[in-house]
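There are 2 protein chains.
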Amino acid sequence: MPVQASHIKQAASALKPTRGLRSLQKGLQTRAIILDAALGLAAQMGLEGLSIGALADVTNMSKSGVFAHFGSREELQIAVLTEYHARFEEEVFFGAVRTTRGLPRFRALYERWLRRVSVEIDSGCIYISGAVEFDDRPGPVRDALVAMVKAWQLALHKAVGLAQQVGHLRADADVEQILFELHGLILSLHHDARFLRNPVALKHAQAGFDRCLQYYATPAGLAADALARKPVTVTARKRPTSPRIDRSKT
Amino acid sequence: MPVQASHIKQAASALKPTRGLRSLQKGLQTRAIILDAALGLAAQMGLEGLSIGALADVTNMSKSGVFAHFGSREELQIAVLTEYHARFEEEVFFGAVRTTRGLPRFRALYERWLRRVSVEIDSGCIYISGAVEFDDRPGPVRDALVAMVKAWQLALHKAVGLAQQVGHLRADADVEQILFELHGLILSLHHDARFLRNPVALKHAQAGFDRCLQYYATPAGLAADALARKPVTVTARKRPTSPRIDRSKT
Chain A
115 MPVQASHIKQ AASALKPTRG LRSLQKGLQT RAIILDAALG LAAQMGLEGL SIGALADVTN
175 MSKSGVFAHF GSREELQIAV LTEYHARFEE EVFFGAVRTT RGLPRFRALY ERWLRRVSVE
235 IDSGCIYISG AVEFDDRPGP VRDALVAMVK AWQLALHKAV GLAQQVGHLR ADADVEQILF
295 ELHGLILSLH HDARFLRNPV ALKHAQAGFD RCLQYYATPA GLAADALARK PVTVTARKRP
355 TSPRIDRSKT
Chain B
115 MPVQASHIKQ AASALKPTRG LRSLQKGLQT RAIILDAALG LAAQMGLEGL SIGALADVTN
175 MSKSGVFAHF GSREELQIAV LTEYHARFEE EVFFGAVRTT RGLPRFRALY ERWLRRVSVE
235 IDSGCIYISG AVEFDDRPGP VRDALVAMVK AWQLALHKAV GLAQQVGHLR ADADVEQILF
295 ELHGLILSLH HDARFLRNPV ALKHAQAGFD RCLQYYATPA GLAADALARK PVTVTARKRP
355 TSPRIDRSKT
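For the protein sequence lines, the chains are A and B, in the order given. Residue numbering for the first sequence follows my numbering, beginning at 115 and increasing consecutively. Residue numbering for the second sequence follows my numbering, beginning at 115 and increasing consecutively.
Chain A with its partners taken away, still in its complex shape (with noise of 0.2 Å):
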């Protein structure tokens, strides 16, 4: 049967988007925009430095335009909180999975959790400005707040416990114990090289950790470690060399 060319009209009409497709992308887009400036002001000021009039000024938008995406700052802090814990778990966790199981992929979290705090120094980090904001302010917000920690602990956890199920930890060991000592490393990271303006914070954060696998790790989970962290040899082919000449005979 040949195509007509009604067909083919109707084929493609089907293919581009249509007036309210088109309106609907182009304000998940204007979301993403308002969302994105939204994120950078709540790491600067805090979450309850969020405001859509600051916002509207710093996109450039009408306040009735912000407004019209995130109908109170209540659903904008939620909103800012949800898409900061998306990114998080992007970084630190997702990137981390692929690492061998046991003491290398909990080493690759917290290389990557403090990769993430150091890059924060200079724009904050909502979950610890958060948690001192929100902890005495009961609502939605310190609830959603609460949850996203206690997730990413959460996974933390499941990571630490099966370094310990393959034998990289001693038996005997308080996973809980364990994540609140390297939290305080993070914390303590954050207030020092945020705060203090202290350039070796970073170095004290790697050692406490080391410092941490010593005590809680058993000798196969420290062999485990040593060879994942062994860097690469690369032996270089030998280049083909052109026959000296014995220049005393010429």
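Since the hints were derived computationally from the structure, they do not count as laboratory data.
Subject to a maximum C-alpha distance of 27 Å in a straight line, what follows is the list of computed DSSO-like cross-link-like pairs (lysine-lysine):
hint, chain 1, residue 1, chain 2, residue 2
1, B, K140, B, K177
2, A, K177, A, K140
3, B, K344, B, K317
4, A, K317, B, K264
5, B, K317, A, K272
6, A, K344, A, K272
7, A, K264, B, K317
8, B, K272, B, K344
9, B, K272, A, K317
10, A, K344, A, K317
Some, not all, of what chain B presents toward chain A, calculated at C-beta under 7 Å:
hint, residue
11, S243
12, V246
13, D249
14, F294
15, E295
16, H297
17, L301
18, S302
19, H305
20, R308
21, H318
22, A321
23, G322
Quick reminder that beta carbons are idealized off the backbone N, C-alpha and C, glycines included.
Let chain A serve as the given structure and place chain B on it in line with the hints.
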């Protein structure tokens, strides 16, 4: 020479406060009342939550009355910090100085610090919230806060250094590293207890300190620590017993 009545009158009037002195005393009392209320407000709401208006409400004074004692919000914030610092020093440092130098004094310091943070689980810690509030806000309040944090870090550094000098901590231990890790335990305690309402956070902070000692302390240090922690056993004096009466014989 007989004491004349006029002399007595003169001496008595010298002892009585003059009107100027009395008003000065009253002024200082009022200032102390405002400062006390300001400390409570800052612990709960953060230093940025402090305002002349809020303080006037809490103290039942007029705004101009509060303003007469603290010329600006910044001056008030710095006065609060100075008072907080004096109380922290009094509680944590001056109290621990009486303990035997070396590891016992180091432990006494840490435990007093823990006790203070434990009390602040309900009220909030101005050092911790202040560091987050002012981490990227330059100015005299930030400068004052940094100076105070550095002052207690120096005092702790001295105590830990002394424990190393008397041979209670390993000679190769890095004092800065130890302080970084201990401060992490304190920050983690504050986060988990105040924000996550985790009831076992204090136990983790105590266990973290013991683990730190197991790594950094010398056998002599651990022995001194154990001796200092040994509960004092009071040997009860033998009560004089009344002679037994052999009732079978009566």
